[in-house]
Amino acid sequence: MSRSIILAFAAIISFAACTKTDQTLKFGVKKSETVVVNLQTEPPSLDWHKAVDTTSHEVTMNIMDGLAEFDYSDPNLKAIPALATKWESDKAAKKWTFELRQGVKWSDGVEFEAQHVVDAWERLLNPKTAAEYAYFLFGIKNAQAYNEGKIKNFAEVGIKADGKNKVVVDLHTPMSFFPSLLVHHSTHPMRIDVVAKHGDAWTKPGNLVSLGAYKLKDWAHDEAILLERNDDYYGEKAKVKFVLGRMITEQSSAVNAFDAREIDLIPELPSNDIAVLKNRDEYLSKPNLALFYYGFNTKQAPFDDVNFRKAVVQAVDKTEIVKILNKGDIAASSWIPEGMLGHDGNVGLKFDATAAKASLAKSKYADITKVPRITITYNTNENHKKVAENVQAQLKKNLGINIEILNEEWKVYLAKLKTKQGYSIFRMGWVADYPDPDNFLNLLTSYSANNHTNWKNTEFDKLIAQGVGEFDVQKRQEIYVKAQKLLLEEEAAVLPVYYQSRQNLVNPRVKGFAMNVLDHKVYRKMSIE
Amino acid sequence: MKDKILTGYKIVLGVMMLVSLVVSVIGVRGPLVSALWMADGLLILAGFIALVMSKSLLPYLIKRLGESVVTLLLIVTMVFVLLRMMPGGPFDSERALPPEVMANLAAKYKLDAPMHEQYFSYLKGVLQGDLGASFKYVGRPVTEIIGDTFPASLQLGVYALILSYLIGIPLGVMAASRHNTWWDSGAMLFAMSGVALPSFLVAALLILIFSFQMGVLPPALWEGPIYYILPVITLGVRPAAIIARLTRSSVLDVIRSDFVRTAYAKGLAQRVVLFKHVLRNSLIPVLTYSGPLIADIISGAFIIEVIFAVPGMGRHLIMSVTNRDYPLVLGVALLFSVLLVISNLVVDLLYAIIDPRIKLA
Chain E
1 MSRSIILAFA AIISFAACTK TDQTLKFGVK KSETVVVNLQ TEPPSLDWHK
51 AVDTTSHEVT MNIMDGLAEF DYSDPNLKAI PALATKWESD KAAKKWTFEL
101 RQGVKWSDGV EFEAQHVVDA WERLLNPKTA AEYAYFLFGI KNAQAYNEGK
151 IKNFAEVGIK ADGKNKVVVD LHTPMSFFPS LLVHHSTHPM RIDVVAKHGD
201 AWTKPGNLVS LGAYKLKDWA HDEAILLERN DDYYGEKAKV KFVLGRMITE
251 QSSAVNAFDA REIDLIPELP SNDIAVLKNR DEYLSKPNLA LFYYGFNTKQ
301 APFDDVNFRK AVVQAVDKTE IVKILNKGDI AASSWIPEGM LGHDGNVGLK
351 FDATAAKASL AKSKYADITK VPRITITYNT NENHKKVAEN VQAQLKKNLG
401 INIEILNEEW KVYLAKLKTK QGYSIFRMGW VADYPDPDNF LNLLTSYSAN
451 NHTNWKNTEF DKLIAQGVGE FDVQKRQEIY VKAQKLLLEE EAAVLPVYYQ
501 SRQNLVNPRV KGFAMNVLDH KVYRKMSIE
Chain W
1 MKDKILTGYK IVLGVMMLVS LVVSVIGVRG PLVSALWMAD GLLILAGFIA
51 LVMSKSLLPY LIKRLGESVV TLLLIVTMVF VLLRMMPGGP FDSERALPPE
101 VMANLAAKYK LDAPMHEQYF SYLKGVLQGD LGASFKYVGR PVTEIIGDTF
151 PASLQLGVYA LILSYLIGIP LGVMAASRHN TWWDSGAMLF AMSGVALPSF
201 LVAALLILIF SFQMGVLPPA LWEGPIYYIL PVITLGVRPA AIIARLTRSS
251 VLDVIRSDFV RTAYAKGLAQ RVVLFKHVLR NSLIPVLTYS GPLIADIISG
301 AFIIEVIFAV PGMGRHLIMS VTNRDYPLVL GVALLFSVLL VISNLVVDLL
351 YAIIDPRIKL A
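Residue numbers (the working numbering), protein chains in the order written: chain E, 1 to 529; chain W, 1 to 361.
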């Protein structure tokens, strides 16, 4: 009986193995002309006005272009023309004119024109769209009022099409980095006639029209998505005909599929395996414009005392944390990450246990028995736990202070963070939306909804406002260094811990894949050996 | 005449089930396969209704269905209220949104309406077959998400269920018939291991052996028969082990009965005695377990789906709660509740059908 069971099992495996054709993948595409990437999850939306997550962004940025794109070879990721051929602004950086590329066709053959940009921005700002990224255009005159429903007539908003090939934008505030915003998927042009025709189903294969290097070919929800090269693309054509996006959520399973040669490219490696994976030839890692930091609740004792905050910052050796994580992160000092204008490695209080004790002695809490209960709170995550435990140990060792650590489920964590009470020390991260220092420093202005520290400083606010209107790179650098010295050295309102790195495993058969500081995956650059 | 109809029904159902199974296993997709399975389902339903009618179980069935509706209403209400009591909202993210954008979102998804209005509006939608649209998967109706993902979950569950019976029952019978031998000990060792080992460990072992040591089976994805083997075995091992233990103890009870001794005395072969007389009388405990077994397979499948990247509903059940995607949580919870209520009801009815001594009222 047992022999027959074994034979039957062997027969099933042999039969099943025979049914698998080596070169044919999902949707019947040939492996030789397809790069398979792991998207990790189902893209929640391919409507680029409504997409807010990294998976949707990865797909939309490859099927759609904006007026500008980033020059990934430039260390500062300069915005360069894409659907616009050039742009100019007045001296105040408030009036911008974009000249559009002519002869560009949407994937359904319709010619691209300025009205598609205006229509798209109207839809993004329309309250009925309820787009989360609507605030990206709040710098435009009357855009916020239109989004709030205070203005009903879109003609009053500072966006105009001047003929078929020119878009003119009036800002209410200076923005020297405005073209960088137009790289972001939420600001890409859109065909509202297609949206009106299909409703929410406009993003389905066959309905979706786009202008990018790839087109949406097929989509099996929760399983795979297929992009096909757009042979009518106006720019450098993609080298690989198909990109097949898989949706393997579990990181270890993705590594298994990679090892079984089912996938060519996987991001987000399992943190516990990185020490082993980093020794492989397929491993790529690059620091990103992403910051892991701790914020202090400056209205709550003991962090209401600036000297106590300084003592905590000086007592934490961030290089130790980076070593523990062992995934190529960089210990942070400046608030702005490396590779971005405004970064200065000399800014910020350095680790110095003696100086930390001196700062503590100057604070109200020189007698550590009087230090109120402190809790480091983080959202549940293995790496966040490792960091919190290390900081806990370092503060005990260098200052003699006992602190507690607490983890919360993500949404619970966010909900409490936004309350008045908040947390005494909280973990947070920030990933650049666009590579401009304003995107990082704006976070700590007194009017930012993302400032959970309760720290408000009018001088800091003024510096940030001054920075956004400045075109001169050197002057901007000086302004942002000054702002960071105020934030990190004089006030010590936050503790930047490390600049996060990203990891990928890439099959050697895939060439031309280069990581960049924004972790944008540009499919059109890839080729198959 | 009645016997002829019954025999005809069994043959038609058997052939259709076999065809559906073969077509699905070889990886054929499309409306034809769905139609085949739907026809099977309708045939089973028709047969079941006929059986219920013939056994005068209709009043009991109506009573139970009424109770089921109340149960489902309670579940929906509890999930609805608990979701709204949980801290954190569907649009909370690392990037705090300006209040006006949050207001637009609340208005679009009617989250600014009073709670009771939201609740009754949801119930009204459910009665009309509309489970709302997901907050996370923008614009996608929950029914569409369920329609896209449930077939894979069902496929995985049905294969695992079949596998667990195919392994568990013969193993239990074999262990009981060779009581206190190495066969018995070996079978029970398998059963104990199957129950004790967590599924993620079984999955890791199977992947290590079959995907990386032998290189014969893929470690993830759900692309065709070869991809089904590891997840189905992983999901089926635990219920197979439980069924083997149940069958063994039940067969051991029955095997000592007078009618079995009589059957042997009449000179019947052991195989005939075991499978024709003993097994039929030993299946009640196994049947009793079938209700919880379906629940076990449904809940156990979430982990298996994630490990093997099966495009089923498992990840939605977990992620929809994390995302506070209220309509999706409610939709998935409602679906699983309906499945469990129905499976328990069917099992209860089967008792009466299989064992005439059981009276349902």
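Possibly wrong hints are sitting among the right ones.
[As the list claims (entries may be wrong)] Covered stretches of chain W, as calculated for chain E (at least 3 residues, CB under 8 Å):
hint, segment
1, 34-46
2, 181-189
3, 240-248
[To be verified] Straight line, CA to CA, 27 Å or less: simulated BS3-like cross-link-like pairs of lysine-lysine:
hint, chain 1, residue 1, chain 2, residue 2
4, E, K237, E, K86
5, E, K385, E, K416
6, E, K105, E, K152
7, E, K150, W, K266
8, W, K276, E, K128
9, W, K108, E, K411
10, E, K128, W, K124
11, W, K124, E, K152
12, W, K108, E, K152
13, E, K411, E, K299
14, E, K418, W, K110
15, E, K204, W, K2
16, E, K150, W, K110
17, W, K124, E, K141
18, W, K108, E, K416
19, E, K197, W, K63
20, W, K2, E, K411
21, W, K2, E, K197
22, W, K108, E, K128
23, E, K416, W, K110
Think of the hints as simulated: they come from the structure by calculation, not from any bench. Where a beta carbon is used, it is the ideal one built from N, C-alpha and C, also for glycine.
Status of each hint after checking the structure:
Only residues whose beta carbon comes within less than 8 Å of a beta carbon in chain E count, and the segment 34-46 of chain W has 0; fewer than three means the coverage is violated. Against chain E, the segment 181-189 of chain W contributes 0 residues with a C-beta closer than 8 Å to a partner C-beta. That does not satisfy the three-residue criterion, and the hint is violated. Check result for the segment 240-248 of chain W against chain E: violated, 0 residues qualifying (beta carbon to beta carbon below 8 Å, three or more required). The suggested pairing of E:K237 with E:K86 holds, with an alpha-carbon distance near 21 Å, which does not exceed 27 Å.
A hinted pair counts as satisfied when its Cα atoms are at most 27 Å apart, and E:K385 with E:K416 qualifies at roughly 19 Å. In summary, the hint linking E:K105 to E:K152 is not supported, as the alpha carbons are separated by about 32 Å, beyond the 27 Å threshold. Restraint check: the Cα-Cα separation between E:K150 and W:K266 comes to about 94 Å, which exceeds 27 Å; the hinted pair is violated. Taking the CA atoms of W:K276 and E:K128, the gap is about 68 Å. The hint is violated against a cut of 27 Å.
Taking the CA atoms of W:K108 and E:K411, the gap is about 21 Å. The hint holds against a cut of 27 Å. Proposed proximity of E:K128 and W:K124 is supported: the alpha carbons are some 24 Å apart, at most 27 Å. Simply put, W:K124 and E:K152 have alpha-carbon atoms about 33 Å apart, too far for the 27 Å limit, and the pair is violated. Under the criterion of a C-alpha separation no larger than 27 Å, the hint pairing W:K108 with E:K152 is consistent with the structure, at around 17 Å.
Distance restraint check for E:K411 and E:K299: the Cα-Cα separation of roughly 23 Å lies within the 27 Å cut-off, and the hinted pair is therefore satisfied. Only pairs whose Cα atoms come within 27 Å are accepted, and E:K418 paired with W:K110 is accepted, the gap being roughly 22 Å. Distance check on the hinted pair: E:K204 and W:K2 sit about 52 Å apart at the alpha-carbon level, beyond 27 Å; violated. For the given pair, E:K150 sits about 20 Å from W:K110 by alpha-carbon distance, which is consistent with the 27 Å threshold.
Note on W:K124 and E:K141: the hinted pairing is violated, with a Cα-Cα distance of about 43 Å set against a maximum of 27 Å. Our distance criterion of 27 Å between C-alpha atoms is met by W:K108 and E:K416, whose separation comes to about 25 Å. Restraint check for E:K197 and W:K63: the C-alpha separation of about 48 Å exceeds 27 Å, so the hint is violated. Under the criterion of a C-alpha separation no larger than 27 Å, the hint pairing W:K2 with E:K411 is inconsistent with the structure, at around 61 Å.
A threshold of 27 Å between alpha carbons decides the hint, and for W:K2 with E:K197 the separation of about 57 Å lies outside it, so the pair is violated. The straight-line distance between the Cα atoms of W:K108 and E:K128 is roughly 7 Å, inside the 27 Å bound, and the hint therefore holds. Between E:K416 and W:K110, the direct Cα distance comes to roughly 23 Å. Compliance with the 27 Å bound is thereby established for this hinted pair.
In terms of the numbered hints stated before, the structure departs from hints 1, 2, 3, 6, 7, 8, 11, 15, 17, 19, 20 and 21, listed from lowest to highest.
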